[in-house]
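Respectively, the protein sequence lines represent chains A and B.
Heads up: the first sequence begins at 17 in my numbering, then just goes up one per residue.
Heads up: the second sequence begins at 4 in my numbering, then just goes up one per residue.
Derived from the structure by calculation, the hints contain no laboratory data.
Take these hints with a grain of salt, some might be off.
A few chain B positions that, by computed beta-carbon distances, are all more than 12 angstroms from chain A [what the hints assert, rightly or not]:
#1 R25
#2 G43
#3 P73
#4 T116
#5 V117
List of simulated lysine to aspartate or glutamate pairs, DMTMM-like, C-alpha gap at most 20 angstroms [to be verified]:
#6 K68/A / E79/A
#7 K16/B / E85/B
#8 K120/A / E87/B
#9 K76/A / E106/B
#10 K65/A / D99/B
#11 K65/A / E31/A
#12 K72/A / E58/A
#13 K120/A / D100/A
#14 K65/A / E106/B
#15 K84/A / E58/A
#16 K120/A / E92/A
#17 K68/A / E92/A
#18 K72/A / E106/B
#19 K68/A / E87/B
#20 K76/A / E31/A
#21 K72/A / E85/A
#22 K65/A / E79/A
The beta carbon of each residue, even a glycine, is placed where N, CA and C say it ideally should be.
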Amino acid sequence: GNSVTQMEGPVTLSEEAFLTINCTYTATGYPSLFWYVQYPGEGLQLLLKATKADDKGSNKGFEATYRKETTSFHLEKGSVQVSDSAVYFCALRVSGNTPLVFGKGTRLSVIA
Amino acid sequence: EAGVTQSPTHLIKTRGQQATLRCSPISGHTSVYWYQQALGLGLQFLLWYDEGEERNRGNFPPRFSGRQFPNYSSELNVNALELEDSALYLCASRGDRGGSYNEQFFGPGTRLTVL
Numbered sequence: 017g018n019s020v021t022q023m024e025g026p027v028t029l030s031e032e033a034f035l036t037i038n039c040t041y042t043a044t045g046y047p048s049l050f051w052y053v054q055y056p057g058e059g060l061q062l063l064l065k066a067t068k069a070d071d072k073g074s075n076k077g078f079e080a081t082y083r084k085e086t087t088s089f090h091l092e093k094g095s096v097q098v099s100d101s102a103v104y105f106c107a108l109r110v111s112g113n114t115p116l117v118f119g120k121g122t123r124l125s126v127i128a
Numbered sequence: 004e005a006g007v008t009q010s011p012t013h014l015i016k017t018r019g020q021q022a023t024l025r026c027s028p029i030s031g032h033t034s035v036y037w038y039q040q041a042l043g044l045g046l047q048f049l050l051w052y053d054e055g056e057e058r059n060r061g062n063f064p065p066r067f068s069g070r071q072f073p074n075y076s077s078e079l080n081v082n083a084l085e086l087e088d089s090a091l092y093l094c095a096s097r098g099d100r101g102g103s104y105n106e107q108f109f110g111p112g113t114r115l116t117v118l
C-alpha cells in the first residue's frame, strides 16, 4: 500500500540553525508529494508541494526536492526562526482527488 | 474568502455516547475529506464526500459515518464512542479550479474527548 515515513521528533534547534526533516515514501505509480505545517492550536496549512520527479517545492525559505530514485522528499531550511516552531507532516497523493496519506509528523521547536 | 470552518471546537462525551461534528467547506468546493489525528498516530483518512456521495472511506469501523448536504457542508457521526476515539478531527475541502486545483484546505479541527 501507499505509506509515508518521516523522522520521529521532537527536533529542537537554535535559531538560525539548519533544518532537515527526512521523509521517504512508498507508493504505486507517481504520487504528488506535500509538506504541511500545523502551528499550535491550528489546522494544517500547505507549506510546499512537488508533483513530479526532480521538482523542487519551496515556500517561506523551506525547500524539498522530489527524488524518485531514493523515494524521498526531505524538508530543508537554511536558517530556522522561533516562528517556525510547529509540527510538520509529509504527505503523498496518488491521484488528483484521492485522500492524502500522511506521515506521523515531526514536532520542531526552535529556541532563541 | 472564508476558509473551512468546523464546529464545535471542543466536544466532550462519555463512552458509549454519540458525537456529531460539522464542517463547512470553502464556498464553491464540492469535495470534503475527514481525517483523524490521534496522539502518536499522525493523520489518518476517514471519509471522502463529493457532490453529496460517499466516494471512499478509510480503515475505520462502520460506527464512523457521515453525510454531505446539498450545500456541500458535511457531518461526521461517531456512534458508540470508545476511549480511543479521542482525537482531533480535521475536515478539508478541495479546490477545483485555478491555482488551488486539487489542493486540500484544512479547517482548525474539532477536539473530541471521550471520558
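Here's how the hints hold up against the structure:
Every Cβ of chain A is farther than 12 angstroms from the Cβ of R25/B; the closest lies at roughly 15 angstroms, confirming the non-interface assignment. The beta carbon of G43/B is not kept farther than 12 angstroms from every beta carbon of chain A, the shortest such distance being approximately 7 angstroms. Distance to chain A confirms P73/B as a non-interface residue, since its nearest Cβ pair spans about 20 angstroms, more than 12 angstroms. Non-interface status of T116/B relative to chain A is upheld: no Cβ of that chain comes within 12 angstroms, the nearest being about 16 angstroms off.
Taking the minimum C-beta to C-beta distance to chain A, about 21 angstroms, the non-interface status of V117/B holds against the 12 angstroms cut. Annotation: proposed proximity of K68/A to E79/A holds, straight-line Cα distance about 15 angstroms (limit 20 angstroms). The suggested pairing of K16/B with E85/B holds, with an alpha-carbon distance near 10 angstroms, which does not exceed 20 angstroms. Our distance criterion of 20 angstroms between C-alpha atoms is met by K120/A and E87/B, whose separation comes to about 17 angstroms.
Using a Cα cut-off of 20 angstroms, the hinted pair K76/A and E106/B holds, with the two alpha carbons roughly 18 angstroms apart. Between K65/A and D99/B the CA atoms are separated by roughly 17 angstroms; this keeps the pair inside 20 angstroms, and the hint holds. For the hint linking K65/A to E31/A, the alpha-carbon distance of about 25 angstroms lies beyond 20 angstroms, and the restraint is violated. Of the pairs offered as hints, the one joining K72/A and E58/A is violated, with about 26 angstroms between alpha carbons and a cut-off of 20 angstroms exceeded.
Distance restraint check for K120/A and D100/A: the Cα-Cα separation of roughly 18 angstroms lies within the 20 angstroms cut-off, and the hinted pair is therefore satisfied. Restraint check for K65/A and E106/B: satisfied, since their Cα atoms lie roughly 10 angstroms apart, inside the 20 angstroms limit. Distance restraint check for K84/A and E58/A: the Cα-Cα separation of roughly 32 angstroms exceeds the 20 angstroms cut-off, and the hinted pair is therefore not satisfied. For the hint pairing K120/A with E92/A, the CA-to-CA distance comes to about 18 angstroms; that is within 20 angstroms, so the pair holds.
With a CA separation close to 18 angstroms, the supplied pair K68/A and E92/A stays within the 20 angstroms bound. A hinted pair counts as satisfied when its Cα atoms are at most 20 angstroms apart, and K72/A with E106/B qualifies at roughly 17 angstroms. Among the hinted pairs, K68/A with E87/B is inconsistent with the structure: their alpha-carbon atoms are about 37 angstroms apart, more than 20 angstroms. Taken as a hint, the K76/A and E31/A pair is honoured in the structure, with Cα atoms around 15 angstroms apart against an allowance of 20 angstroms.
This hinted pair checks out: K72/A and E85/A have alpha carbons roughly 15 angstroms apart, not beyond 20 angstroms. Straight-line distance between C-alpha atoms of K65/A and E79/A comes to about 9 angstroms, which keeps the hinted pair within the 20 angstroms bound.
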